[in-house]
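Participant: As you go down the protein sequences, you meet chains Y and G in turn. No gaps in the numbering here: position 93 of the first sequence is 87 in our numbering, and each next residue is one more. No gaps in the numbering here: position 359 of the second sequence is 978 in our numbering, and each next residue is one more.
Everything labelled a hint here was simulated from the structure, so no lab data went into it. Being a predicted model, the structure only gives us computed values, none of them experimental. Every residue, glycine too, gets a C-beta built ideally from N, C-alpha and C. Fair warning: there could be bad hints in the mix.
[Unchecked claim] Covered stretches of chain G, as calculated for chain Y (at least 3 residues, CB under 8 Å):
1. 928 to 936
2. 939 to 953
[Unchecked claim] Taking lysine to aspartate or glutamate and the DMTMM-like style, the derived pairs with C-alpha atoms no more than 20 Å apart in a straight line are:
3. G/Lys720 / Y/Asp78
4. Y/Lys74 / G/Glu890
5. Y/Lys74 / G/Asp761
6. Y/Lys260 / G/Asp968
7. Y/Lys30 / G/Glu951
8. Y/Lys32 / Y/Glu88
9. Y/Lys476 / Y/Glu15
10. G/Lys720 / Y/Asp71
11. G/Lys990 / Y/Glu21
12. G/Lys942 / G/Asp898
13. Y/Lys30 / G/Glu947
14. G/Lys779 / G/Asp739
15. G/Lys990 / Y/Asp18
16. G/Lys941 / Y/Asp56
17. Y/Lys32 / G/Glu947
18. Y/Lys376 / Y/Glu9
19. G/Lys859 / G/Asp1007
20. Y/Lys342 / Y/Glu240
21. G/Lys675 / Y/Glu345
22. Y/Lys33 / G/Glu947
23. G/Lys895 / Y/Asp78
24. G/Lys720 / Y/Asp340
25. Y/Lys74 / G/Glu766
26. Y/Lys473 / Y/Glu21
27. G/Lys779 / G/Asp804
28. Y/Lys323 / Y/Asp340
29. G/Lys953 / G/Asp875
30. Y/Lys69 / G/Asp804
31. Y/Lys342 / G/Asp739
32. G/Lys891 / Y/Asp78
33. G/Lys738 / Y/Asp340
34. G/Lys891 / Y/Asp71
35. G/Lys942 / Y/Asp56
36. G/Lys675 / Y/Glu347
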Amino acid sequence: MANYFNTLPLREQLEQLSHAEFMDNTEFTDGVNALKGKKIVIVGCGAQGLNQGLNLRDSGLDVSYALRKEAIEQKRDSWKNATDNNFNVGTYEELIPTADLVINLTPDKQHTSVINAVMPLMKEGATLSYSHGFNIVEEGMQIRKDITVIMVAPKCPGSEVRAEYLRGFGVPTLIAVHPENDPQGKGWAEAKAYCVGTGGHKAGVLKSSFVAEVKSDLMGEQTILCGLLQTGSILSFDKMIEKGIEAGYASKLVQYGVEVITEALKHGGVSGMMDRLSNPAKVKAFEISEELKDIMRPLFQKHQDDIMSGHFSKTMMEDWANGDANLLKWRAETGETAFEKTPAGDIKINEQEYFDNYTLMVAFIRAGVELAFETMVEAGIKPESAYYESLHETPLIANTIARKKLFEMNRVISDTAEYGCYLFDQACKPLLADFMKTVDTDLVGKNFNEGKDAAVDNAQLVVINEILRDHPVEIVGRKLRKAMTAMKAIKTV
Amino acid sequence: MVDPVVHIANLTIQHGKDSVLQDLNWQIFPGEQWILGGPSGTGKTTLAKAIVGQLKYEGTISFHLDNNSSLPPVVHYVSNWFQFTNLEGDRNFYYQQRYNKFAKNDTLTVFAELKHFAKDEQLAFEDVAPYLTIFGFENFKDQQLIELSSGEHKRLQLVKALWLQPQVLVIDQPYTGLDVQSRKDLNQIFDQLADKGVSLLLISNDDEQPDCINRFAEIQNGKIVLRHHSREISRGIPRKRKELPYFLQQPPKISDPTMVKMRQINISYGEKQVLKNIDWEVKAGEKWLLQGHNGSGKSTLLSLINGDHPQAYANDIHLFGKKRGSGESIWEIKEHLGIISPELHWYYDMNANVGQTIASGFFDSMSLYQKLGYEQQQKLDQVLHFFDLKDAKHKTLGSLPLGQQRLALLARTIVKHPELLILDEPCQGLDKEQSQYFNDVIDDLSKNGQTLIYVGHFQSQLPTCIDNKMVLEKGEIKSVERVIHKKETLST
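Here chain Y stands alone, though its shape is the one from the complex (with noise of 0.2 Å):
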């Protein structure tokens, strides 16, 4: 199978790129009716898989599950998920041939085995859909003519796609239709009624492409999502027990402090997470981010790049066809850092603390959103695409690391997010050294108001401030925020 992207002219990868639209309300007015009636098989009963079935059901949907015949015979953790909840399941044979709409919700990784079981069995001008294309447009796998291919993909785990629907809101939710399987023009249709069931078109739609998700995904995990979250908490917590800080106080510090952190990302942008901090020390903030993201931006350049070019794709493609090697190694590796072997220590840090202490890392956040988004742009991505996969995520992805540190956010992300996670983080780290040579305690461990003068300059000030608050990314954000007002906080520690 060829790399579908690079089989496509200049122009038509350009507009495929180019694909982000925020859909409006009036766009939902059908609500379910396009699928009602129709059968839906869901392949795949993890935590997707299995709370969009609940949703979709509770929907007034027809939903039952596909699973291989050893989940069925070994009673696995899908198969009793599917039955505890009273869903109709059975193997392939049996249910892909009866199903109007297959959906595809198992891990990306087994795709390429899962669709060639699955489409010969599919019936003639049946759909398909992904949550994720990596599938269609990475591993160039070929639908056949007569199935519409769609995409769903609610940017939450899958507890949450639950929780929310059933408290009447939803998750922001990607939809795409794949232009190369779209025989009858249905794919629009079945991908919004699809959404609305899982509650997503009430908390933000947007209109995308196969292309356009992979390309952008791809690049917010490996970065600012994963990347440049496992490097900087790695060296921030290195730091301090260089400078003496206590183990379990630096721990702690690290572990919640990315999620305390862009908990504020998610109600006020970058502009909101940097006022939280004194005006010296918002400052300061600032001028160590710009020198970040000077250090840092070939790299992501380097990401952007190969994620284009479909060189990432190729190499970790290898890297699976030879029993994920290097991936293994890279994960033993990161479970054997100081900060994912020292545990937090039994001291309250309270919320306003985190940000004090760890000027660090809001620079850290600063610097990675912006880039990512910056690079993204510049590649063709659309900032609306742009934003969902860096800032719009961050705050999620830190939410895993204050559960179980690195370890936790590993586990949860993709094995693509993984892979690329530690990809960014070998290359990061050395590449920072010379960098957090001139780190001190005041950035990261102690209040870095301590023993300060608090004045600032009027007209530097009011300059940073102009700049944070201009960034694109400010302004998309504004925007796309406004349409999700509603969406509660996520958790409080």
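Following the hints, put chain G in place on chain Y, whose structure we already have.
Facilitator: For chain G alone, kept in the frame of chain Y given last:
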């Protein structure tokens, strides 16, 4: 002179601009067992939380605990509401979660929770057994915390407190959700604890109190006022009956003469059967009382009607004239009914303000996510006025006393004037005057042909309009009867 065990001096606590406690002074001496009573909203819970250090305050609170005693030198607090977290340490639950099954556990089991507690407090695990028996927890050990009802959570907290036997034990509403026998057992244990030297502080307006109680107090104008007997503790002011808003005086629109029809309902979780062969019909205009002990299946039965239980799809249920699982959405079902329960309250968004809370009833959501139309605004204002909640419209739910939170949630159930009201222990945690007021409202609504399912414990006050009664026992129907001599039948 003996030192007081608890010494509170010049305690002042403010919620926003309003001071709840103002220069409060109080001393608890060894051998004293206190009841703190009085109307809802006087600051009882605030005081208890300050004592255990959960709230910021001005003034001093000091303790003289005995390090040589066999009892652990700690002050332990059992809150009115138990807040647990999932295995990942957060509280992002939703209230239907206990009905959705996921192979991986979300929360600790009761057994693991007790093990943790034993380890933290260095208790011998064998010693917990008698308390588990008294509160009927023997069969709950493997159950996850998320699967327990609010009453069961309360009892689990009591088990831990009694097991710990701290030198000072503060309990907010110890009797909530307990039946007659459990209350008696609990009072006996309180007496035993008092003999051993535990200082008790019970926040309660209940008539049944343990014999050991020898001091009484209430809070007035932010200060402690001592009383000689619980009879002297003030009651809330009985609320004046008001005329229902005009739109609620109209009969609700009925979509089908038979609102609920269930045939041979069976619900089980793995080996455990929660409902067995239930046949039940609720006709338009009927007012049902549903009773049964904790764990008898009441909430599960109601969750089938409310569209919240996934196993509804595998059972023969007709709701409002439509067969369940015939292409309807849960939102279409919820449009027909208004529901309130202690669990819904527990999971409701405490950051929503009162206006948003009530208005969310138009959309059956757990917070307000949509804009209100003109007519909806009008109805909201009328309902706010009716429940005397106008001043609280912009206050967050979490900042109000429990009784007012409940009223707001009751208002939420009726604001869209649904054809069926499901009130699952609506008065739990309310004082007598509030309960009476609440039930009077229900009686007024019932005159207009309102259909009702009301869950109340045997002892609790009930509305007088009830005309049918069903009792569940261990998941089965124990009895169904028409209620003719309302008062006599209900007071048994």
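Participant: Each hint: holds or not?
Facilitator: Against the structure, the hints come out as follows:
Coverage of the region 928 to 936 of chain G by chain Y holds [criterion: at least 3 residues with CB-CB distance below 8 Å; count 4]. Counting residues of the region 939 to 953 of chain G whose beta carbon lies closer than 8 Å to any beta carbon of chain Y gives 6, which meets the minimum of three for the stated coverage. For the hint linking G/Lys720 to Y/Asp78, the alpha-carbon distance of about 6 Å falls within 20 Å, and the restraint holds. A distance of roughly 14 Å separates the Cα atoms of Y/Lys74 and G/Glu890; the hinted pair therefore holds under the 20 Å criterion.
Restraint check for Y/Lys74 and G/Asp761: the C-alpha separation of about 18 Å stays at or below 20 Å, so the hint holds. Between the alpha carbons of Y/Lys260 and G/Asp968 the distance comes to roughly 18 Å, so the proposed pair stays at or under 20 Å and holds. Only pairs whose Cα atoms come within 20 Å are accepted, and Y/Lys30 paired with G/Glu951 is accepted, the gap being roughly 14 Å. Pair hint Y/Lys32 plus Y/Glu88 holds up; C-alpha atoms about 16 Å apart against a cutoff of 20 Å.
A hinted pair counts as satisfied when its Cα atoms are at most 20 Å apart, and Y/Lys476 with Y/Glu15 qualifies at roughly 15 Å. At roughly 11 Å between alpha-carbon atoms, G/Lys720 and Y/Asp71 fall within 20 Å of each other, so this suggested pair holds. Our distance criterion of 20 Å between C-alpha atoms is met by G/Lys990 and Y/Glu21, whose separation comes to about 18 Å. Simply put, G/Lys942 and G/Asp898 have alpha-carbon atoms about 15 Å apart, close enough for the 20 Å limit, and the pair holds.
Only pairs whose Cα atoms come within 20 Å are accepted, and Y/Lys30 paired with G/Glu947 is accepted, the gap being roughly 10 Å. At roughly 12 Å between alpha-carbon atoms, G/Lys779 and G/Asp739 fall within 20 Å of each other, so this suggested pair holds. The straight-line distance between the Cα atoms of G/Lys990 and Y/Asp18 is roughly 15 Å, inside the 20 Å bound, and the hint therefore holds. Restraint check: the Cα-Cα separation between G/Lys941 and Y/Asp56 comes to about 16 Å, which is no more than 20 Å; the hinted pair holds.
For the proposed pair Y/Lys32 and G/Glu947, the alpha carbon gap of about 14 Å is at most 20 Å, so the pair holds. For the given pair, Y/Lys376 sits about 11 Å from Y/Glu9 by alpha-carbon distance, which is consistent with the 20 Å threshold. Only pairs whose Cα atoms come within 20 Å are accepted, and G/Lys859 paired with G/Asp1007 is accepted, the gap being roughly 11 Å. At most 20 Å may separate the alpha-carbon atoms for a hinted pair to count; Y/Lys342 and Y/Glu240 meet this at roughly 14 Å.
With a C-alpha separation of about 16 Å, the suggested pairing of G/Lys675 with Y/Glu345 holds against the 20 Å cut-off. Annotation: proposed proximity of Y/Lys33 to G/Glu947 holds, straight-line Cα distance about 15 Å (limit 20 Å). Our distance criterion of 20 Å between C-alpha atoms is met by G/Lys895 and Y/Asp78, whose separation comes to about 17 Å. Taken as a hint, the G/Lys720 and Y/Asp340 pair is broken in the structure, with Cα atoms around 33 Å apart against an allowance of 20 Å.
With a C-alpha separation of about 18 Å, the suggested pairing of Y/Lys74 with G/Glu766 holds against the 20 Å cut-off. A threshold of 20 Å between alpha carbons decides the hint, and for Y/Lys473 with Y/Glu21 the separation of about 18 Å falls inside it, so the pair holds. The suggested pairing of G/Lys779 with G/Asp804 holds, with an alpha-carbon distance near 15 Å, which does not exceed 20 Å. With a C-alpha separation of about 32 Å, the suggested pair Y/Lys323 and Y/Asp340 falls outside the 20 Å cut-off, and the hint is violated.
Between G/Lys953 and G/Asp875, the direct Cα distance comes to roughly 15 Å. Compliance with the 20 Å bound is thereby established for this hinted pair. As the CA atoms of Y/Lys69 and G/Asp804 are separated by approximately 44 Å, the hinted pair breaks the 20 Å bound. Pair hint Y/Lys342 plus G/Asp739 holds up; C-alpha atoms about 18 Å apart against a cutoff of 20 Å. The suggested pairing of G/Lys891 with Y/Asp78 holds, with an alpha-carbon distance near 12 Å, which does not exceed 20 Å.
Proposed proximity of G/Lys738 and Y/Asp340 is supported: the alpha carbons are some 16 Å apart, at most 20 Å. Our distance criterion of 20 Å between C-alpha atoms is met by G/Lys891 and Y/Asp71, whose separation comes to about 19 Å. For a cut-off of 20 Å, the pair hint linking G/Lys942 to Y/Asp56 stands: about 14 Å separates their Cα positions. With a CA separation close to 18 Å, the supplied pair G/Lys675 and Y/Glu347 stays within the 20 Å bound.
Hint violations for this structure: numbers 24, 28, 30, all remaining hints satisfied.
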